[in-house]
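Student: What follows is each chain in one-letter form.
4 protein chains.
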Amino acid sequence: MLVLMKYNASEEQVSEVVGAIRAMGYDARSIPGGQRTAVGLIGNDGRADANRLQGLPGVSEVIPVTRAYKQVSREWREEDTLVSLSNGTVVGGTDLIVIAGPCAVEGESQIVDIAHMLRDKGATVLRGGAFKPRTSPYSFQGLGLEGLRFLARAREQTGLMVVTEALDPDGVDLVAEYADIVQVGARNMQNYPLLRRAGRCGKPVLLKRGMSATIEEWLLAAEYLLAEGNDDVILCERGVRSFTRHTRNLLDLAAIPVVKSLSHLPIIADPSHATGLRSKVIPLGRAAVAAGADGLMVEVHPDPPHAMSDGAQSLYPEQFAELMEQVEAIAHAISRGVTAPLEVVSTG
Amino acid sequence: MLVLMKYNASEEQVSEVVGAIRAMGYDARSIPGGQRTAVGLIGNDGRADANRLQGLPGVSEVIPVTRAYKQVSREWREEDTLVSLSNGTVVGGTDLIVIAGPCAVEGESQIVDIAHMLRDKGATVLRGGAFKPRTSPYSFQGLGLEGLRFLARAREQTGLMVVTEALDPDGVDLVAEYADIVQVGARNMQNYPLLRRAGRCGKPVLLKRGMSATIEEWLLAAEYLLAEGNDDVILCERGVRSFTRHTRNLLDLAAIPVVKSLSHLPIIADPSHATGLRSKVIPLGRAAVAAGADGLMVEVHPDPPHAMSDGAQSLYPEQFAELMEQVEAIAHAISRGVTAPLEVVSTG
Amino acid sequence: MLVLMKYNASEEQVSEVVGAIRAMGYDARSIPGGQRTAVGLIGNDGRADANRLQGLPGVSEVIPVTRAYKQVSREWREEDTLVSLSNGTVVGGTDLIVIAGPCAVEGESQIVDIAHMLRDKGATVLRGGAFKPRTSPYSFQGLGLEGLRFLARAREQTGLMVVTEALDPDGVDLVAEYADIVQVGARNMQNYPLLRRAGRCGKPVLLKRGMSATIEEWLLAAEYLLAEGNDDVILCERGVRSFTRHTRNLLDLAAIPVVKSLSHLPIIADPSHATGLRSKVIPLGRAAVAAGADGLMVEVHPDPPHAMSDGAQSLYPEQFAELMEQVEAIAHAISRGVTAPLEVVSTG
Amino acid sequence: MLVLMKYNASEEQVSEVVGAIRAMGYDARSIPGGQRTAVGLIGNDGRADANRLQGLPGVSEVIPVTRAYKQVSREWREEDTLVSLSNGTVVGGTDLIVIAGPCAVEGESQIVDIAHMLRDKGATVLRGGAFKPRTSPYSFQGLGLEGLRFLARAREQTGLMVVTEALDPDGVDLVAEYADIVQVGARNMQNYPLLRRAGRCGKPVLLKRGMSATIEEWLLAAEYLLAEGNDDVILCERGVRSFTRHTRNLLDLAAIPVVKSLSHLPIIADPSHATGLRSKVIPLGRAAVAAGADGLMVEVHPDPPHAMSDGAQSLYPEQFAELMEQVEAIAHAISRGVTAPLEVVSTG
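Protein chains in written order, with the numbering used here: chain A, 1 to 348; chain B, 1001 to 1348; chain C, 2001 to 2348; chain D, 3001 to 3348.
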């Protein structure tokens, strides 16, 4: 941490800052400059609180130098984390993972039928919301527990792994019982009781980036999971809020190489929620793969115009087939491949 | 809802849209234009889902016309909502309310002492976090239940009402037991299980605007509370995320008159979290009052440099006195006043 | 400037950074830390280029410490700059200035009539566009030179000072010939040839903040004016672009106290362009004054529904009278006043 | 244009809106709805001004339906525009164009040497700034006319086409004399006198997206060029301003398919300015190609640590070779190619 003094700060003020740093238990070093003095806080373990220094007299600015996250950092662990799902499928390796499915589970045959179709076309993980966070209290909120059972049924019949979202701490345990990956959605990226519970749930967690989260805030949210002992975290870029209006959110593909350099965790992209527009999902899905994503998460619906939510961004089944072909071509162009679905595991 | 067709949409495509609208249970009316046809959806009760129409062939854009929120709307209820706290203090009337206190409850004497000081200087509600949502898992997370007890003690001794934040559904019940107002923080504005519980907790709720929430999303979050039967909702503008870096967030004072025209709910402003800088709290606090806010929420600490969190934005006690003076002057300039603290209610 | 090395940077890499800094003509000082080494660049005159260091091997981040602007800084000049207009009216003193008028000059009698009305109600400077920057090439682009002449006529008859915008370097000279203040609009805040010419035009300059300019970029744009010898610069906050949609732009009132602490230049606010909505101009105008603005710039039109541009944000004459009353009340509440219009200067 | 009335608008107010629309020369049609009436403006030629209606009594909102741009629209011209450079190289066809070079022309041998290197590795157009728009008045501002001459020399010797930026109307003519493509930079996207002159300069124009421009504003800026008779316009996405801080700007790759559906103009991407970080240029360059860009513009410098500007984002020559290889691979994966440089045209 570096404390910049005002150009006319007095020696007493500099001394006071040095004293405050020492009182916090760190070492301080004054650095005279051409225009102003700076005071460095030495030995920061990531817990030093800038706020204590910010408001002291004569202080112009406090610049954080040490990053607040630890276990998610590549400086903590150099090699890439490989997240293994319960059937042995690996996320974060050379081969990409494709997660697909409808926005919401709408019924048993809907989800089972689409699961068969998706598996045939090469998806390895099935998505589908059972608990839906909806902006309006009057919108369809999901089938709940019944939805989880339908997802489990689809897994039994197709061998696809299942990911679905939990909305509150108790929901985490319920979802973890039925699904292979517990999703924490964008709206809940800083829901700390939820993150803590997900960190103890015993299943891999898919952590979506918050609507207006910086990379550092996102990695700190992941840190909550690792701090509770769960290393199996998959990050998912899904677009951020901006002034632009031509897509629902602004897909931040630079986040992919940036996260890969800062952290060892795998990162995938969700072009469906990022754009909100079916016709942009394929080009942006290709782009995410080209940028280095470890996989994609896309919405596919057997009959998008009649979907109970997010129909406008759901691909038709034949578009999903087209996406898979193009993703394979792009993956090969950068010496990667796409993970194939496994054989159905008999659960008898 | 208005469905704009592409300029070269065929008659069949227009018919398909009309059919889809009717299948959703609404009336449809085609509106030929100079460049393109539009189809109006008539009789929308606020539940019609744009997504169903967005992706239909020949559709260029779907424009929402009906607002999704209802009970929070001024069209639902014309007169201003007055929220009464348990000691009879009213929020949303001619007189402004001033909520003040430290970021976090740090100990019994800290909170009791500051409460006495705040009451002497004119605050009517005491704030102080017992459960703190922190970006890093390694930061101080609050005293929890003990903090709630200290807040209750401060109320007993000063007569100040108490507001503090709840982080999860179970926490709502706990907070409602000890506090007079349950706060839902910015990070939890779209935490729907939390909102539902707060809507049933029997206490007024202070709902902060989310970091990147539109006014409509914020009002829909409030709608969750009203939909559960809780009409005692106070909105709080606390700045939004933007590209600017000179303050922590960008205080959106236009939100105040805009919310007042769209909704009957009272709205206050929090210049402390909005700016993150002590020296900007007074000018922005004055500005919020001038813009029409029904009150302010500010952080005050007896010894900001030694605060356990957010010290840089906390006012010194003498600055709070100065703020109160200036707020009174501005309030009078626009024919309003500032609510005075009540006498201590004996709890013997 | 502080160069943060990666946690595993080698000694050679640190030496290379030190060498690069010395080759740039500055002193370097290595600062060992708990997690990583930093290298400070000492003696920066504001011209040291971070880019040279950013890409060196082992470098994690380069943090600017010295600010790039000089003459606009309060560290360069402590006391407030007072800008004197040609009739002696002062901008930046205790009393506020109110600039008002239509978006565009539409004809001689329109501008002369409104000028009389505005003067009667207390405005001191008349605004009105002769050259209009329009998003579409098919929109009304202003009356040009004829518009300048009409503005001069209005000044003759009312004694109001005149401000109007220049769009290109040649236009600056033309505007400076007719107007008392040359306006550089938001779209041109980083039009450097225009700024250089305005810096040599011999008239005060009103510099609007760019649509997405940081405070530092804005002050650097002002620095272009001062660097050419023009110290008479008035800054104008007019809202920035954001994700919000309830007003056209997001008025950033925190910019007012922030600019006042960083710079000695006067700063006013334009609530008309910031909101784009007539009904929000009065509350936001009041708020700007409460935040410490040195004046306001507002659009007023004799007949807004028939304005040739920006009618929706123009006040009716009687609303302007109401604004003036409220602005006076707020100004008095913070011990300031409003500058009264001077007597007509006979030009015979 | 659709005018939404307030839910309690009177019949007189509706009539007044209908009258105002007719007075503007258009047809009006009232559309009764479930909650409120709307009035459609029929026959809009793109010039109807929403502002006239926005502020009328009883009006809640005015929704633009007709797009303000015309000639740039795909509805005006269905097939893709192919821009031909003076040596016959085509921009906008199946094969991608790669524009490369240093941020600024620093000297004759620097630019000629790098041009040879770039040509050998497959670039077809040379970039290099002669007039540099710099945030600070104290930064290097380019070599000016001399720089243009050095660029022309590099073309003579390598056959590469040349693109460079003009900063003011007179500069456009000068640049057009020496270069093959005139660049309008992000800061000048709404510099209308500059655009008008560029629209009459007789050379193709590369129009960068403004820092915070919507797609519609960008297309309207291009419309200024086409309205002056210049159809040879190449758009360039270079990132927009956002709250994120991990890259200099946020590259908006969704803009590529969105622009391609709205307009017939070719669009390329500039990952160097978008990221500001050398190590992110290759993954984002690949992603832009995968998203459907018609080409790339990248900064390459023979010795980035000693570049006079933007060194941190400039590729080393060997990184440029790597980029070219990967771009070719991605282009082939989506059935496109990369345009090869032509033989040197003897100018003797």
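Note that these hints are calculated values from the structure, not bench results.
Just to be clear, a hint being listed does not mean it is correct.
[Claimed, not checked] Think about it this way: if two alpha-carbon atoms lie no more than 25 Å apart in a straight line, the pair counts; the simulated SDA-like pairs of lysine to any residue are:
1) A/Lys121 x A/Ala227
2) B/Lys1006 x D/Tyr3138
3) A/Lys260 x A/Glu216
4) A/Lys6 x C/Gly2122
5) A/Lys121 x A/Val338
6) A/Lys6 x C/Ala2321
7) C/Lys2203 x C/Ala2321
8) A/Lys203 x A/Ile63
9) C/Lys2121 x B/Gln1071
10) C/Lys2260 x B/Asp1080
11) D/Lys3121 x A/Val338
12) B/Lys1006 x D/Val3090
13) D/Lys3006 x B/Asp1120
14) B/Lys1070 x D/Arg3036
15) C/Lys2070 x C/Arg2245
16) D/Lys3006 x B/Asp1080
17) A/Lys260 x A/Lys6
18) C/Lys2006 x A/Glu79
19) C/Lys2070 x D/Lys3121
20) C/Lys2006 x A/His116
21) C/Lys2203 x C/Val2090
22) D/Lys3260 x B/Asp1231
23) C/Lys2070 x A/Glu79
24) A/Lys70 x C/Glu2216
25) D/Lys3121 x D/Lys3070
26) B/Lys1006 x D/Pro3305
27) B/Lys1006 x D/Lys3121
28) D/Lys3260 x B/Gln1071
29) B/Lys1260 x C/Ala2321
30) A/Lys121 x A/Lys260
31) B/Lys1006 x A/Val338
32) C/Lys2006 x D/Lys3070
33) D/Lys3070 x C/Glu2216
Predicted model, so just to flag it, every value in this text is computed and none were measured.
Student: Is the Cα-Cα distance between D/Lys3006 and B/Asp1080 25 Å or less?
Tutor: holds (19 Å)
Student: What's the verdict on A/Lys6 and C/Gly2122, does the C-alpha distance respect the 25 Å limit or exceed it?
Tutor: Judged against 25 Å, a Cα distance of about 41 Å means the pair is violated.
Student: Checking one constraint from the list: CA of B/Lys1260 to CA of C/Ala2321, max 25 Å. Satisfied?
Tutor: holds (23 Å)
Student: Hinted pair, alpha-carbon criterion (25 Å max): A/Lys121, A/Lys260. Please report holds or violated.
Tutor: Not OK: A/Lys121 and A/Lys260 at ~29 Å, beyond 25 Å, violated.
Student: Taken at face value, is the distance from the CA of A/Val338 to the CA of B/Lys1006 at most 25 Å?
Tutor: Since the Cα atoms of B/Lys1006 and A/Val338 sit roughly 37 Å apart, the hinted pair is violated (cutoff 25 Å).
Student: Under the criterion that the straight-line Cα-Cα distance not exceed 25 Å, is the pair C/Lys2203, C/Val2090 satisfied?
Tutor: Roughly 14 Å separates the two Cα atoms, so the pair holds.
Student: Need the status of pair B/Lys1070, D/Arg3036: alpha-carbon distance at most 25 Å?
Tutor: holds (14 Å)
Student: Starting from D/Lys3260, check that the Cα of B/Gln1071 is at most 25 Å away, please.
Tutor: With Cα atoms ~42 Å apart, D/Lys3260 and B/Gln1071 exceed 25 Å; violated.
Student: Measure nothing beyond the straight line between the CA atoms of B/Lys1006 and D/Tyr3138; if it is 25 Å or shorter, mark the hint as holding.
Tutor: At roughly 51 Å apart (the allowed maximum being 25 Å), D/Tyr3138 and B/Lys1006 break the hint.
Student: Does the alpha-carbon distance linking C/Lys2070 and D/Lys3121 stay inside the 25 Å limit?
Tutor: violated (43 Å)
Student: Starting from C/Lys2260, check that the Cα of B/Asp1080 is at most 25 Å away, please.
Tutor: violated (37 Å)
Student: Quickly compare the C-alpha distance for C/Lys2006 and A/His116 to 25 Å and report which way the hint goes.
Tutor: Not OK: C/Lys2006 and A/His116 at ~48 Å, beyond 25 Å, violated.
In summary, the structure is inconsistent with hints 1, 2, 4, 6, 7, 8, 9, 10, 11, 12, 13, 15, 17, 19, 20, 22, 23, 24, 25, 26, 27, 28, 30, 31, 32, 33 from the numbered list given earlier, while agreeing with the others.
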